[in-house]
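Student: Chain residues, written in single-letter form:
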Amino acid sequence: MIQKKFENAAKAVADIKDGATLLVGGFGGSGLPSHLVAALVEQGAKNLTVVSNNIGAVSDGVAALISNNQVRRIICSFPVGPHADELIERLQNGTIELEIVPQGTLAERIRAGGAGIPAFYTPTAAHTELGEGKETREFNDRLHLLEQAITGDYAFIKGHRADRWGNLVYNKTQRNFNPVMATAARITIAEVDEIVEVGEIDPEIIVTPSVFVHRLVQLEPQREGRVLVNE
Amino acid sequence: MIQKKFENAAKAVADIKDGATLLVGGFGGSGLPSHLVAALVEQGAKNLTVVSNNIGAVSDGVAALISNNQVRRIICSFPVGPHADELIERLQNGTIELEIVPQGTLAERIRAGGAGIPAFYTPTAAHTELGEGKETREFNDRLHLLEQAITGDYAFIKGHRADRWGNLVYNKTQRNFNPVMATAARITIAEVDEIVEVGEIDPEIIVTPSVFVHRLVQLEPQREGRVLVNE
Amino acid sequence: MSKDQQKVGWSKIELATRVAQDLEDGWFVNLGIGIPTLVADVIPEGREIILHSENGLLGLGPKPEPGEEDMDLVNAGKEPITLKPGGSFFSQSDSFAMIRGGHLDAAVLGAFQVSMYGDLASWKLPNTTLGRVGGAMDLTVGSKRIFLCMQHTSKGTPKIVEECTYPLTAPRCVDRIYTDLAVIDVTDDGLVVQELAPGVTFEYLQERTAAPLKNHANSILQEETLHIND
Amino acid sequence: MSKDQQKVGWSKIELATRVAQDLEDGWFVNLGIGIPTLVADVIPEGREIILHSENGLLGLGPKPEPGEEDMDLVNAGKEPITLKPGGSFFSQSDSFAMIRGGHLDAAVLGAFQVSMYGDLASWKLPNTTLGRVGGAMDLTVGSKRIFLCMQHTSKGTPKIVEECTYPLTAPRCVDRIYTDLAVIDVTDDGLVVQELAPGVTFEYLQERTAAPLKNHANSILQEETLHIND
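Residue numbers (this note's numbering), protein chains in the order written: chain A, 279 to 509; chain B, 279 to 509; chain C, 1244 to 1473; chain D, 1244 to 1473.
Simulated from the structure, these hints should not be mistaken for lab results.
Don't take each hint at face value.
Claimed, not checked - 20 Å max Cα-Cα, derived SDA-like pairs, lysine to any residue:
{"id": "1", "chain 1": "B", "residue 1": "Lys-412", "chain 2": "D", "residue 2": "Pro-1414"}
{"id": "2", "chain 1": "C", "residue 1": "Lys-1306", "chain 2": "A", "residue 2": "Asn-449"}
{"id": "3", "chain 1": "B", "residue 1": "Lys-412", "chain 2": "A", "residue 2": "Asn-418"}
{"id": "4", "chain 1": "A", "residue 1": "Lys-412", "chain 2": "B", "residue 2": "Pro-396"}
{"id": "5", "chain 1": "B", "residue 1": "Lys-283", "chain 2": "B", "residue 2": "Glu-475"}
{"id": "6", "chain 1": "D", "residue 1": "Lys-1387", "chain 2": "A", "residue 2": "Thr-429"}
{"id": "7", "chain 1": "D", "residue 1": "Lys-1327", "chain 2": "A", "residue 2": "Val-476"}
{"id": "8", "chain 1": "D", "residue 1": "Lys-1327", "chain 2": "A", "residue 2": "Pro-481"}
{"id": "9", "chain 1": "A", "residue 1": "Lys-283", "chain 2": "D", "residue 2": "Glu-1291"}
{"id": "10", "chain 1": "D", "residue 1": "Lys-1327", "chain 2": "A", "residue 2": "Glu-482"}
{"id": "11", "chain 1": "B", "residue 1": "Lys-283", "chain 2": "C", "residue 2": "Glu-1267"}
{"id": "12", "chain 1": "D", "residue 1": "Lys-1387", "chain 2": "B", "residue 2": "Glu-475"}
{"id": "13", "chain 1": "A", "residue 1": "Lys-412", "chain 2": "B", "residue 2": "Leu-424"}
{"id": "14", "chain 1": "D", "residue 1": "Lys-1327", "chain 2": "A", "residue 2": "Asp-431"}
{"id": "15", "chain 1": "D", "residue 1": "Lys-1387", "chain 2": "B", "residue 2": "Arg-420"}
{"id": "16", "chain 1": "D", "residue 1": "Lys-1327", "chain 2": "A", "residue 2": "Ile-280"}
{"id": "17", "chain 1": "A", "residue 1": "Lys-412", "chain 2": "C", "residue 2": "Pro-1414"}
{"id": "18", "chain 1": "B", "residue 1": "Lys-295", "chain 2": "B", "residue 2": "Ser-337"}
{"id": "19", "chain 1": "A", "residue 1": "Lys-283", "chain 2": "D", "residue 2": "Asp-1268"}
{"id": "20", "chain 1": "C", "residue 1": "Lys-1327", "chain 2": "B", "residue 2": "Asp-480"}
{"id": "21", "chain 1": "C", "residue 1": "Lys-1327", "chain 2": "B", "residue 2": "Gly-477"}
{"id": "22", "chain 1": "C", "residue 1": "Lys-1398", "chain 2": "C", "residue 2": "Glu-1450"}
{"id": "23", "chain 1": "C", "residue 1": "Lys-1387", "chain 2": "A", "residue 2": "Asp-419"}
{"id": "24", "chain 1": "D", "residue 1": "Lys-1387", "chain 2": "A", "residue 2": "Asp-431"}
Claimed, not checked - From the structure, some residues in chain D lie toward chain B, with a derived Cβ separation under 10 Å:
{"id": "25", "residue": "Asp-1315"}
{"id": "26", "residue": "Ala-1319"}
{"id": "27", "residue": "Ser-1334"}
{"id": "28", "residue": "Ala-1379"}
{"id": "29", "residue": "Val-1404"}
{"id": "30", "residue": "Ala-1413"}
Built from N, CA and C at the ideal position, the CB exists for glycine as well.
For reference, chain A alone in the conformation it holds in the complex:
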């Protein structure tokens, strides 16, 4: 019988090794899998490559992994915010590498990773500093960049409700990067408010089908919420 539920976040992240590539969902604090991040801070894996849209928007996101010296490389679109100081310090002393990617290219590269497409062309960032060094090609008389897929060893995502098979629904704009990151990792771990029996979620409203979710962690009700979006 399929059982993806883990007892807690610590057990769900226990096997993550040094050097792993990690996709972290959320947009600022909304839809951020902060309990999984906290468990990984506790677990301590180092030299991580982290792919996440926002770095520094909140203290309990990727900023926590940076503070704890677990990150070697970051791929993101928006590396600024009130909790970006430690990132800036590490960029300056060379202990972290940063790749800034336009948000749509970031989403599409992850989607490509999940969909078996190694590379695609986009006009986004052509003729800009972020396009420098990339292979280019004209389509329809417009310069395009060749962009490569992103995949992760693990994805940390946040959902609202899951069933035992791993089907997921989200709450409002909590979706953001979570459904796409779920498709692009070898092991996708979802923290959710609630886990229900199969058949309890209407098949028409499932956003992330079961095939994309490998581990589930149910939040304890008292720890469920983040009160603030930004700090």
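Using the hints, position chains B, C and D against chain A.
Tutor: What follows is chains B, C and D alone, placed relative to chain A:
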């Protein structure tokens, strides 16, 4: 005030010109916008390029346009079925051109067209007859083909319920090619069982957001159903 | 300000109101962070403009009442918002497929600099380590129209220039510039002033602009002359 | 058939049952049209195998009762089916992203020909105008495992050959071949017979196969020999 509802299918397809490229949703008879197809047979536009997965599975799909000599070119994955005779005849006498595309490549090319990606790489069909003549490139030690986006002047799609803005939900496997084709045409026309006021469809369950739908036709209840999936 | 000084230019809310006038019924529009956000509050009565937020929603509504904020319902600036009836939620990848696929009628964005050719610089200041690109590069290549909405100068330094000196967001992408002083179109024939804010003269505007401006009437004249020369 | 003739090989349902034995609890599996479809009816008790249909569903269930057919709930063969609790619907593009992205544990497919190297021909007969490729090429490049499930010969003509003469679906893609006569693995070391159906001898099988077969025991032996030679 936004009003995408047309009085009937005839008025919704009236401006389609000879030589247009048309995307037709459905998988066999399931989710097939057969009333829009029938209206186009009546309207008579010729030299059409038609993109649709199945040709010949049912008599009231693209086969009807072929019988009426309206089609010059077909892009599909499965050009066979009980109603494919007239296609075969026209292929033999050279009045129709056919491009057979693997189903996943077809879906992805249409998705790329809707997402502003002019071309992408895929391993599907590499080293096969369907890959002949295509540009190739190795990624991860595997041969890939460069595949180009598909867009349409019009898309004909079938949905279950729409609201006045054009938001759509589908019924079960009626979805198939409909949501992706909706994104890839200059003008997307949806035939639906029911049109409701905005706000009546839960924002969490909308499959095709309003931005992708330009015209709506509500089916008359007595003409609503197809009884058989295949004939 | 002494009593006899005439008011010069538009206030932020007047500027947003001027932008909103040009958004047509039924358009799908993305509003950037900053002054553009104000446009949401001044949509003309009777027009349905569907606002897009790149984190995955269509049908963005006004700010919630105090106490009604929901951390799972935020805009691209990560501020709590509401959803209008008819709105929908989708993922970031679907949201950017919408943007990059050319499905938005307009994006109203802020800017650090804009050139007379419509080049936009809006994501990174020079000599800084970090840019904050977010969705700016995707919006500029994907939206059918790019409207800028900004102060005409940055503390007196012109933001409209011959060539951008700041890192580009995208070249040749801006269609129209709305500032506190004027509405200016970016055309093949250069920057054409369409409208002056109250108290602003063409000369006053040109002094605060580091690229040559044409006014609409002259432009039409010149176009006619060009046609004669054809 | 005279009474003293021993039964030779598996029936279609026995063959499907043999395939089903190898599908593990929790696997996501796509079943092709034809004999593979039968696998759905013989999943071992207590195993949860989630079946995928490329037209956009996971959790495919058995055929509906007569009168319960729904034209909006069909499988890849366009036949009415049912959905199991836990099932989900999605678009064709999402469905093939799932297939091509490597998310399915196995696809069980039919074949016209398969070579000793695992090349598969399954979409077009030679000298015909029309092929019916459907999702076959996507499944063969995308699934983690490709299992063939087919008759060992086509009216006496071997379907397992040295080199395919029919148009390829994909090269080097087949992992295991289940026929009415045997279970055969495609390995770097050639075709290795893992299991013979009742009444089938290795010689009987080789006679009906147009490529050299090894039996499992010999293969192990040879591998050891090779190691000695290293």
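Student: Next step is simple, just say for each hint if it's right about the structure.
Tutor: Here is what the structure says about each hint:
Our distance criterion of 20 Å between C-alpha atoms is met by Lys-412 of chain B and Pro-1414 of chain D, whose separation comes to about 17 Å. At most 20 Å may separate the alpha-carbon atoms for a hinted pair to count; Lys-1306 of chain C and Asn-449 of chain A meet this at roughly 18 Å. Restraint check for Lys-412 of chain B and Asn-418 of chain A: satisfied, since their Cα atoms lie roughly 18 Å apart, inside the 20 Å limit. For the hint linking Lys-412 of chain A to Pro-396 of chain B, the alpha-carbon distance of about 17 Å falls within 20 Å, and the restraint holds.
Proximity of Lys-283 of chain B to Glu-475 of chain B is assessed by CA-CA distance (about 12 Å); at most 20 Å being required, the pair is judged to hold. For the given pair, Lys-1387 of chain D sits about 17 Å from Thr-429 of chain A by alpha-carbon distance, which is consistent with the 20 Å threshold. Restraint check: the Cα-Cα separation between Lys-1327 of chain D and Val-476 of chain A comes to about 9 Å, which is no more than 20 Å; the hinted pair holds. The straight-line distance between the Cα atoms of Lys-1327 of chain D and Pro-481 of chain A is roughly 10 Å, inside the 20 Å bound, and the hint therefore holds.
Proximity of Lys-283 of chain A to Glu-1291 of chain D is assessed by CA-CA distance (about 16 Å); at most 20 Å being required, the pair is judged to hold. The hinted pair formed by Lys-1327 of chain D and Glu-482 of chain A meets the criterion: a straight-line CA distance of about 13 Å does not exceed 20 Å. This hinted pair checks out: Lys-283 of chain B and Glu-1267 of chain C have alpha carbons roughly 19 Å apart, not beyond 20 Å. Proposed proximity of Lys-1387 of chain D and Glu-475 of chain B is contradicted: the alpha carbons are some 45 Å apart, above 20 Å.
For the proposed pair Lys-412 of chain A and Leu-424 of chain B, the alpha carbon gap of about 18 Å is at most 20 Å, so the pair holds. The straight-line distance between the Cα atoms of Lys-1327 of chain D and Asp-431 of chain A is roughly 30 Å, outside the 20 Å bound, and the hint therefore fails. A hinted pair counts as satisfied when its Cα atoms are at most 20 Å apart, and Lys-1387 of chain D with Arg-420 of chain B qualifies at roughly 15 Å. At most 20 Å may separate the alpha-carbon atoms for a hinted pair to count; Lys-1327 of chain D and Ile-280 of chain A meet this at roughly 14 Å.
Our distance criterion of 20 Å between C-alpha atoms is met by Lys-412 of chain A and Pro-1414 of chain C, whose separation comes to about 17 Å. About 23 Å separates the Cα atoms of Lys-295 of chain B and Ser-337 of chain B, which puts this hinted pair outside 20 Å; it is violated. Our distance criterion of 20 Å between C-alpha atoms is met by Lys-283 of chain A and Asp-1268 of chain D, whose separation comes to about 16 Å. Distance hint between Lys-1327 of chain C and Asp-480 of chain B is fulfilled; the C-alpha atoms sit about 11 Å from each other, no more than 20 Å.
Proposed proximity of Lys-1327 of chain C and Gly-477 of chain B is supported: the alpha carbons are some 8 Å apart, at most 20 Å. Restraint check: the Cα-Cα separation between Lys-1398 of chain C and Glu-1450 of chain C comes to about 14 Å, which is no more than 20 Å; the hinted pair holds. Restraint check: the Cα-Cα separation between Lys-1387 of chain C and Asp-419 of chain A comes to about 17 Å, which is no more than 20 Å; the hinted pair holds. Distance check on the hinted pair: Lys-1387 of chain D and Asp-431 of chain A sit about 17 Å apart at the alpha-carbon level, within 20 Å; holds.
Checking Asp-1315 of chain D against chain B: minimum C-beta separation of about 4 Å stays under 10 Å; hint holds. The interface hint given for Ala-1319 of chain D is met, as the beta carbon of that residue sits about 8 Å from the closest beta carbon of chain B, less than 10 Å. At a threshold of 10 Å, the smallest CB-CB gap from Ser-1334 of chain D to chain B is about 4 Å, leaving the interface hint in force. For Ala-1379 of chain D, the interface hint holds, the least distance from its beta-carbon to any beta-carbon of chain B being 8 Å, beneath 10 Å.
Hint status for Val-1404 of chain D: violated, given a least beta-carbon distance of 17 Å to chain B, over 10 Å. With a cut of 10 Å, the hint placing Ala-1413 of chain D at the interface with chain B holds, because the nearest CB-to-CB distance is about 7 Å.
Hint compliance for this structure: hints 12, 14, 18 and 29 are broken, all remaining hints hold.
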